[in-house]
Amino acid sequence: MQQDRMATLQVLFKRYRRPGDIVFALAFLIFSIWLLTQLSAQTTWKPNGKLVAQASFWPMIAVGGMVFFASLHTVGSLLSRRILGRWKEVGFWFRSVEYALWFMAYVMLVPILGYLFVTLLMCLLLALRAGYRSRKMLMASVVGGFLVVVIFKSLLQVKVPGGQVYEYLPTALRSFMLTFF
Amino acid sequence: MIESLISGIGLLFQWQVLLALLIGSVGGVVIGAIPGVGPAVAIAILLPATFSMEPLVGLTLLLGIYGSAMYGGALPAILINTPGTAVNALTTYDGYPMTQRGEGRRAVSLAYSASFVGAIISIVCLILLSPLLALVAPMFGSREIFLAALLGIVLVILAHRGQVLAAGMLACFGILLNTVGLDPVTYTKRYTFDQSWLTSGVDLIVVVLGLFALSQAFLLLIEKDSSPKPEIEKGSMLSGLREVGSHKRVAGVSSGFGVLMGIIPGVGEFTAQFLSYTYAQKTSKTPELFGKGSPEGLVASEAANNAVPAAAMIPLLALGIPGEALTAMMLSVFYVHNVIPGPQLFQNQLDFVYALYIAMLLLNVAVIIFLMFSTKALTHIIRVPTRFLGLLILILGFVGVYSLRNSVTDCAMAAGFGVLGLVLKRLNLPVVPIILGMVLGGIMEVKLRSSMPRVKSPIDFIERPIAALLFFAIIFVIGLHIRTLFREQHASTDGSRDHDLHDTQQR
Numbered sequence: 001m002q003q004d005r006m007a008t009l010q011v012l013f014k015r016y017r018r019p020g021d022i023v024f025a026l027a028f029l030i031f032s033i034w035l036l037t038q039l040s041a042q043t044t045w046k047p048n049g050k051l052v053a054q055a056s057f058w059p060m061i062a063v064g065g066m067v068f069f070a071s072l073h074t075v076g077s078l079l080s081r082r083i084l085g086r087w088k089e090v091g092f093w094f095r096s097v098e099y100a101l102w103f104m105a106y107v108m109l110v111p112i113l114g115y116l117f118v119t120l121l122m123c124l125l126l127a128l129r130a131g132y133r134s135r136k137m138l139m140a141s142v143v144g145g146f147l148v149v150v151i152f153k154s155l156l157q158v159k160v161p162g163g164q165v166y167e168y169l170p171t172a173l174r175s176f177m178l179t180f181f
Numbered sequence: 001m002i003e004s005l006i007s008g009i010g011l012l013f014q015w016q017v018l019l020a021l022l023i024g025s026v027g028g029v030v031i032g033a034i035p036g037v038g039p040a041v042a043i044a045i046l047l048p049a050t051f052s053m054e055p056l057v058g059l060t061l062l063l064g065i066y067g068s069a070m071y072g073g074a075l076p077a078i079l080i081n082t083p084g085t086a087v088n089a090l091t092t093y094d095g096y097p098m099t100q101r102g103e104g105r106r107a108v109s110l111a112y113s114a115s116f117v118g119a120i121i122s123i124v125c126l127i128l129l130s131p132l133l134a135l136v137a138p139m140f141g142s143r144e145i146f147l148a149a150l151l152g153i154v155l156v157i158l159a160h161r162g163q164v165l166a167a168g169m170l171a172c173f174g175i176l177l178n179t180v181g182l183d184p185v186t187y188t189k190r191y192t193f194d195q196s197w198l199t200s201g202v203d204l205i206v207v208v209l210g211l212f213a214l215s216q217a218f219l220l221l222i223e224k225d226s227s228p229k230p231e232i233e234k235g236s237m238l239s240g241l242r243e244v245g246s247h248k249r250v251a252g253v254s255s256g257f258g259v260l261m262g263i264i265p266g267v268g269e270f271t272a273q274f275l276s277y278t279y280a281q282k283t284s285k286t287p288e289l290f291g292k293g294s295p296e297g298l299v300a301s302e303a304a305n306n307a308v309p310a311a312a313m314i315p316l317l318a319l320g321i322p323g324e325a326l327t328a329m330m331l332s333v334f335y336v337h338n339v340i341p342g343p344q345l346f347q348n349q350l351d352f353v354y355a356l357y358i359a360m361l362l363l364n365v366a367v368i369i370f371l372m373f374s375t376k377a378l379t380h381i382i383r384v385p386t387r388f389l390g391l392l393i394l395i396l397g398f399v400g401v402y403s404l405r406n407s408v409t410d411c412a413m414a415a416g417f418g419v420l421g422l423v424l425k426r427l428n429l430p431v432v433p434i435i436l437g438m439v440l441g442g443i444m445e446v447k448l449r450s451s452m453p454r455v456k457s458p459i460d461f462i463e464r465p466i467a468a469l470l471f472f473a474i475i476f477v478i479g480l481h482i483r484t485l486f487r488e489q490h491a492s493t494d495g496s497r498d499h500d501l502h503d504t505q506q507r
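As you go down the protein sequences, you meet chains A and B in turn. Okay, so the first sequence: first residue is 1 according to our numbering, each after it adds one. Okay, so the second sequence: first residue is 1 according to our numbering, each after it adds one.
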């Protein structure tokens, strides 16, 4: 009988899973519950005000929904058969942090060294990091970076500030670099 | 109507608009043909670059990418069994077996032609429906728009069959993200944790760029490098149009499903494809060929998915409600350009609306002409090594985020969402509910507040016919889902096909 009920629940919560599913489900549930505990401190409830006019109404709906769905999602994961490779998968997720850091380094360096130089440098370094060693691929990455700068900054004039090092350039070159690169 | 149409044509025939249309449509095909870069990534990156353009120029550029990416996406789906965009997944079922039989060129030509037919039927429907929309749209007050947005949220959760719980929690997360910052009415802080960088809220474009572009860059850079080598035999690409003519019924019905599913917010291409593919198989004289290289299956899949973009513009333009991630992005483009989609747009700027429709029509013609001559060249683009592609997306992602407001905090947030997006993609969990939660959550909050002064009791909320209709539609779809759940309890279902689709939705 107990087994029957489990089987029924398993069917009810059946979904297409991947390794590491339970880790994400639990992390999301804990995050949701933590947000719920912060609801009264992080939102304002005015006495005598209408429910839907309260500033905390929509955060309450959202966090309540997160806890509700995340709880059921976690139950679904717990009742499902374990898929091997859980921690290997979690390791894969953490590998993405390295590239997030590369991205942030790029962001931090642009206002100092200038958009063009940092983009070319970043393309070259990332190409090397990606395992490319041939001259063709290294050149392609640098040319690709140059084209991105020319299209977006020189032609489309998107808002990317000039680098601090541009201050040390001769006046004519400085204004050219500030406008186009 | 005729006056507005002529005025719309006048708006469109400026060289900047036509150039944007050409670049958008050709660029969309190229982007769609590269597996790993979908239209969402391209639109997210290009969004800030269009801010300085004229509204119609910026919109046609992005509309071009939106409307043409699926054409390009069919090419790798047929030739190397990898869909170029997520919605070309079903195309692999019959397209790739045809390639294996040595009919790659025929399959590609058929896919292009079916896509073209689907898109044109959809745009014609849109144009014919416009006067009706202009009539119905003003009947949508705050409460109707609130209920339509709620229906959209419910549908986007339930449409992720097999992942409803995950879609629900992620949609709620999206709603929460939209509330972070200062409440616009009471000016009180919500979930800012006394951090000044959270006071201004979480920008939708930052989240989109993180979840779509950066996550894809991280994924491509980490995964093993690959460079597919598709081949296509020589021959004319025009034969497909004739062959689609012999599958008129399937093409017509599939386009109809595409239009219908495009109009309903939160449903989109996948449901349209399922319905049309199932219909085509059930009514076919050779159902056993489906999944093994059936031209009818290919026509059903491609006609349905290409009919969706134009139809998805209906709720977006008429009510300001996006039905999926791409239209949600388009909505932010509209806002940036001070064009507010909704009932007033049809009343005050009908010529602008017609200009957009004609732009969609022209882009499809431009794409089909481009494809007739460039398919061979496009097969070379598919060969770009995946890690190199990841590198380029990372560099492009920077322009997208940083040029918004030169904020390091925005970039850090986007990087954080990039990591989250990667985890979701790896787990085969949907990203779209977060985006729609953010957009529809914002609409629901504003509309519910503005409708409350005129509502004395809960019944007042649904006293108007459209509001009542929407309310019962919400109850109906939830009821239908619960019924399906209980039916599935009793009957063991083989979900392998569904499984594959959800897997590729993430690419």
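A couple of the hints might just be wrong.
[Said to hold, decoys possible] Pairs of lysine to any residue, SDA-like flavour, derived with a Cα cap of 25 angstroms: (1) B/K224 with A/R129; (2) B/K224 with A/N48; (3) B/K189 with A/A140; (4) B/K229 with B/R405; (5) B/K189 with B/K456; (6) A/K46 with B/K229; (7) B/K224 with A/W102; (8) B/K376 with A/R129; (9) B/K456 with A/A140; (10) B/K189 with A/V143; (11) B/K456 with A/I61; (12) B/K189 with B/K376; (13) B/K189 with B/G201; (14) B/K292 with B/T278; (15) B/K189 with B/S451; (16) A/K88 with B/S374; (17) A/K50 with B/S374; (18) B/K456 with B/P138; (19) B/K456 with A/M60; (20) B/K248 with B/K229.
The hints are simulated quantities; they were obtained by calculation from the structure and are not laboratory data.
Going down the list of hints, with the structure as the test:
1. At most 25 angstroms may separate the alpha-carbon atoms for a hinted pair to count; B/K224 and A/R129 meet this at roughly 13 angstroms.
2. Taken as a hint, the B/K224 and A/N48 pair is broken in the structure, with Cα atoms around 60 angstroms apart against an allowance of 25 angstroms.
3. Among the hinted pairs, B/K189 with A/A140 is inconsistent with the structure: their alpha-carbon atoms are about 48 angstroms apart, more than 25 angstroms.
4. A distance of roughly 41 angstroms separates the Cα atoms of B/K229 and B/R405; the hinted pair therefore is violated under the 25 angstroms criterion.
5. For the given pair, B/K189 sits about 29 angstroms from B/K456 by alpha-carbon distance, which is inconsistent with the 25 angstroms threshold.
6. A threshold of 25 angstroms between alpha carbons decides the hint, and for A/K46 with B/K229 the separation of about 64 angstroms lies outside it, so the pair is violated.
7. At most 25 angstroms may separate the alpha-carbon atoms for a hinted pair to count; B/K224 and A/W102 meet this at roughly 19 angstroms.
8. Taking the CA atoms of B/K376 and A/R129, the gap is near 32 angstroms; set against the 25 angstroms cutoff, the hint is violated.
9. For the proposed pair B/K456 and A/A140, the alpha carbon gap of about 66 angstroms is over 25 angstroms, so the pair is violated.
10. As the CA atoms of B/K189 and A/V143 are separated by approximately 46 angstroms, the hinted pair breaks the 25 angstroms bound.
11. For the suggested pair B/K456 and A/I61, the alpha carbons sit about 22 angstroms apart, so the restraint of at most 25 angstroms is met.
12. Proximity of B/K189 to B/K376 is assessed by CA-CA distance (about 56 angstroms); at most 25 angstroms being required, the pair is judged violated.
13. With a C-alpha separation of about 10 angstroms, the suggested pairing of B/K189 with B/G201 holds against the 25 angstroms cut-off.
14. Proposed proximity of B/K292 and B/T278 is supported: the alpha carbons are some 15 angstroms apart, at most 25 angstroms.
15. Distance hint between B/K189 and B/S451 is fulfilled; the C-alpha atoms sit about 23 angstroms from each other, no more than 25 angstroms.
16. Only pairs whose Cα atoms come within 25 angstroms are accepted, and A/K88 paired with B/S374 is rejected, the gap being roughly 42 angstroms.
17. At most 25 angstroms may separate the alpha-carbon atoms for a hinted pair to count; A/K50 and B/S374 exceed this at roughly 61 angstroms.
18. Proximity of B/K456 to B/P138 is assessed by CA-CA distance (about 23 angstroms); at most 25 angstroms being required, the pair is judged to hold.
19. Of the pairs offered as hints, the one joining B/K456 and A/M60 holds, with about 23 angstroms between alpha carbons and a cut-off of 25 angstroms not exceeded.
20. A threshold of 25 angstroms between alpha carbons decides the hint, and for B/K248 with B/K229 the separation of about 33 angstroms lies outside it, so the pair is violated.
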